[in-house]
Structure formats: C-alpha cells, structure tokens
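Visitor: Sequence:
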Amino acid sequence: MKFLIFILGLITIFLLAFLVSSNGKQIKYKPIAIMLIIQLILTYFLLNTRVGLFLIQGISNVFGTLMEYAASGVNFVFGGLANEGAFPFFLNALLPIVFIAVLIGILQHFKILPIIIRGIGLLLSKINGLGKLESYNAVAAAIIGQGEVFITVKDQLSQLPKNRLYTLCASSMSTVSMSIVGSYMTMIDPKYVVTALVLNLFSGFIIVHIVNPYTVREEEDILELQEEEKQTFFEMLGEYIMLGFAIAVTVAAMLIGFVALITAINGVFDSIFGITFQTLLGYVFSPLAFIMGIPASEMLEAGKIMATKLVTNEFVAMLDLSKAAADLSPRSVGILSIFLVSFANFSSIGIIAGATKSIDQKQANVVSQFGLKLLFGATLVSLLSGTIVSSML
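In this note's numbering, the protein residues as written are 192 to 584.
Each hint should be verified, as a subset may be incorrect.
[Stated by the list, open to error] Restricting the straight-line Cα-Cα distance to at most 27 Å, the calculated cross-link-like pairs of lysine-lysine (DSS-like) are:
{"#": "1", "residue 1": "317", "residue 2": "216"}
{"#": "2", "residue 1": "548", "residue 2": "323"}
{"#": "3", "residue 1": "323", "residue 2": "219"}
{"#": "4", "residue 1": "353", "residue 2": "221"}
{"#": "5", "residue 1": "317", "residue 2": "221"}
{"#": "6", "residue 1": "353", "residue 2": "317"}
{"#": "7", "residue 1": "216", "residue 2": "353"}
{"#": "8", "residue 1": "564", "residue 2": "219"}
{"#": "9", "residue 1": "216", "residue 2": "193"}
{"#": "10", "residue 1": "221", "residue 2": "193"}
{"#": "11", "residue 1": "216", "residue 2": "382"}
{"#": "12", "residue 1": "302", "residue 2": "219"}
{"#": "13", "residue 1": "353", "residue 2": "219"}
{"#": "14", "residue 1": "216", "residue 2": "564"}
{"#": "15", "residue 1": "353", "residue 2": "323"}
{"#": "16", "residue 1": "317", "residue 2": "302"}
{"#": "17", "residue 1": "221", "residue 2": "302"}
{"#": "18", "residue 1": "553", "residue 2": "382"}
{"#": "19", "residue 1": "564", "residue 2": "221"}
[Stated by the list, open to error] Restraint-style ranges between C-beta atoms, simulated for each label pair:
{"#": "20", "residue 1": "352", "residue 2": "227", "range": "21 to 29 Å"}
{"#": "21", "residue 1": "422", "residue 2": "248", "range": "31 to 39 Å"}
{"#": "22", "residue 1": "522", "residue 2": "463", "range": "29 to 37 Å"}
{"#": "23", "residue 1": "428", "residue 2": "266", "range": "16 to 24 Å"}
{"#": "24", "residue 1": "429", "residue 2": "253", "range": "35 to 43 Å"}
{"#": "25", "residue 1": "560", "residue 2": "217", "range": "16 to 24 Å"}
{"#": "26", "residue 1": "423", "residue 2": "522", "range": "31 to 39 Å"}
{"#": "27", "residue 1": "215", "residue 2": "259", "range": "46 to 54 Å"}
{"#": "28", "residue 1": "214", "residue 2": "236", "range": "28 to 36 Å"}
{"#": "29", "residue 1": "465", "residue 2": "353", "range": "39 to 47 Å"}
{"#": "30", "residue 1": "349", "residue 2": "445", "range": "26 to 34 Å"}
In case anyone wonders, no lab produced these hints; they're calculated from the structure.
C-beta: ideal position from N, C-alpha, C; glycine also.
Using the sequences and the accompanying hints, generate a full structural model.
Guide: Pasting the structure below:
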C-alpha cells in the first residue's frame, strides 16, 4: 500500500507541474529520472544506514555546539529576563542566528564559501541538465540566503531571460538559508532538517524541468559572479552581526504578526461558521497530505499544518507541528518535517521581488508577474521531497 501511494504521489505532483508547464514538449525526462534515483539513494543512506545516521548526528552535534556558543552571547545580554526553565523562542531559537551569520561571514571573507559553492554547483550542473549559473544559485541560496544570493549574480541578473530568472527565483524559494538551520533544529528532528536540505536541491531542479523547461546554450552557460567590496575583517564582522540580528528581528516580527493574525481569523471564522480558518484550509490540503504518505486518519491535521506554512511561514507551522506531534505517528511527523523545511510561502514572493528590485527594477516586475507560479512550483518541491522521504519511513 505504501508503495502504491508513493507512486500515486509522484504521478499527482508531476501532473500538477505539467499543468502549468511553459512548454511540455521541451521537458527533459532523463535528468528527472536520474535525480529521482539519486534522491531515493540519498534518502535511504541518510535515514536508514548507520553511516548516514552517524553523519547526520555529526552535523546535528556541530549545530548544537554552535547554538551553545551562541547562547553564551545571548545569556550575557539577556540573562535573567526569562524565568528559570522557560524557553523564550526569540532568545533561544532566533538570536543564535546572529552567531551563525558571523560564521558565514568569516567563511565568505576568507573565500572558503565561494570555493565550496562553486564546486558543488559545478558538480550539480553535470547531473541536473541545467546551466552553471542555475546550479550555483541553488547552492548559494541554501547557504547565504534567498535574498542575498542575487547580489552575487548582480551583473548577470539584468541580462537573464524570463525562463532562467524563474529558475533562480525558484531555487531561492525552495531552499533555506544556512543561518537559520540551527533554529530549525531546535524545533524539529535534525535528521529531517539535513535530509530536507539535500532533497530540496534535487526536487527544485526536477520541478523546474517540468514547470519551466529550456535549454541553455554553451555560449550562454557562463558563470560570472559579482565580487564583494573589499572590507577589513572587523568591518565584515560588524556587517554580518547586524545582518544576523536583522534576520532574527524580522523573523520575530513576522511571527508576532502572523500568529496574532491567524489566531484572530480563526476566532472570527469559529464564531461565524463554527469552524476555524485553519481547519477549513486543512480540508483543502488534506488530499495533498495523503498523497505524500500521511495516513487518512491524520491527513486533516497534517493539512492544517501544511496550509499554515503556505499562508504564514515555516516557523509558525513548525510550532504547530510540535504541538500536534503527540497526536501524529512518527511517520507523519517525519514527512511533515521534510515538507516544512523551505521558504515556500506568500511572504517569500515579496522578499525575492524586493531583492531583485534593489538590483534591477525591470526584472523585479518580471518576478512579480510569475510570483504565484513561483509559489506553486516551490510548494510542489516540498510535496516531492515529502513524498520521496515517505518511501523510506
């Protein structure tokens, strides 16, 4: 039964992607098949082998240690504000982003990150059937952030046709920034965070091949990156510290607004219709939860969490998942955890459009035009990753 639902899930996701495809006749099926096989192998390796679990545990321990280091700075500034034994979300989950951002800045300053990103991107371009720029952007977005990544391709952005621009934006929405991975690991099982990071790269390329198929000619496949302005080490530290703090405050503000708003909307719907807004959305998303492999008895609750992620953000949905986890099977928790690790929500359209607007107004208008299609594709990426992992749980 599990295998049949897995096949049904793949077929449904591919059909949904095909319905919005810009040119179904240009779809390249060979790289799609190769990447699907790679995903299944990597998922089995990460979740069902001793070596894979050991690797994930090692990565988790690294981030756990980094969070402890970050806590020393947070406690120095805010120590005593929280009651003993309390877990203030802003202090323990968001402010450590400042320290992680500093580490990213240091690796960027000493040219270590660019080498890693270029290397992985070049390897992926040999597999995914897309250009070097697209492969670089997907890896870079997963490390330095969905908005910041466009700065590194500033010189090429204005010259990109609509189809290649869509791919760059889709990659930015389908991945998550390394600066907040540690925060995710405080909310859901780290093994699912790591697995989702890997799967989303390939899922993003697969969905792009269907939704936005095209061929990059060899003479167009040139990767010229924008060099950062030379800074002293301490200038860089100051910049990345403020960047990390801005991210933490921005996420906190969005959480305050979205949690309050969804609570208010739930209250209004419940008083008028006798059903909360989230429950209503849960009915809409429950079929998608089922094709991902969620049991029928749990698909309504899962649908509510999936819908919450789309209309608010992944942090709000992760909070809901942590509350509902006791009533869900471990399999459902695992699938939902994978689904939640991405930036596929309405607010990301504005973030990406804003990032491109600061570089090129004309291209920002193009991004706004395909914003909903971008969100639809990124949601399919999350569905595909969740479906892939369901075959191994």
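Visitor: Give a verdict on every hint.
Guide: Evaluated hints:
1. 317 - 216: 22 Å, holds
2. 548 - 323: With Cα atoms ~23 Å apart, residue 548 and residue 323 stay inside 27 Å; holds.
3. 323 - 219: Roughly 17 Å between the alpha carbons, so the hint for residue 323 and residue 219 holds.
4. 353 - 221: With Cα atoms ~24 Å apart, residue 353 and residue 221 stay inside 27 Å; holds.
5. 317 - 221: 13 Å, holds
6. 353 - 317: 23 Å, holds
7. 216 - 353: 18 Å, holds
8. 564 - 219: 20 Å, holds
9. 216 - 193: Roughly 32 Å between the alpha carbons, so the hint for residue 216 and residue 193 is violated.
10. 221 - 193: Distance ~25 Å between residue 221 and residue 193 Cα, so the pair holds.
11. 216 - 382: 38 Å, violated
12. 302 - 219: With a Cα-Cα distance of about 35 Å, the restraint between residue 302 and residue 219 is violated, given a limit of 27 Å.
13. 353 - 219: 19 Å, holds
14. 216 - 564: Answer holds: residue 216 to residue 564 is near 19 Å, not above 27 Å.
15. 353 - 323: Holds, because 17 Å separates the two Cα atoms, which is no more than 27 Å.
16. 317 - 302: 23 Å, holds
17. 221 - 302: 35 Å, violated
18. 553 - 382: 41 Å, violated
19. 564 - 221: 24 Å, holds
20. 352 - 227: 21 to 29 Å: Cβ of residue 352 to Cβ of residue 227: about 27 Å, so the range 21 to 29 Å holds.
21. 422 - 248: 31 to 39 Å: Given a distance of about 36 Å, which is inside 31 to 39 Å, the answer is holds.
22. 522 - 463: 29 to 37 Å: 36 Å, holds
23. 428 - 266: 16 to 24 Å: Holds - the Cβ-Cβ distance for residue 428 and residue 266, about 20 Å, lies within 16 to 24 Å.
24. 429 - 253: 35 to 43 Å: 25 Å, violated
25. 560 - 217: 16 to 24 Å: 21 Å, holds
26. 423 - 522: 31 to 39 Å: 51 Å, violated
27. 215 - 259: 46 to 54 Å: Check passed, 51 Å falls within 46 to 54 Å.
28. 214 - 236: 28 to 36 Å: Given about 35 Å between the Cβ atoms, the range holds.
29. 465 - 353: 39 to 47 Å: 46 Å, holds
30. 349 - 445: 26 to 34 Å: Taking Cβ atoms as reference, residue 349 and residue 445 lie about 30 Å apart, which means the hint holds.
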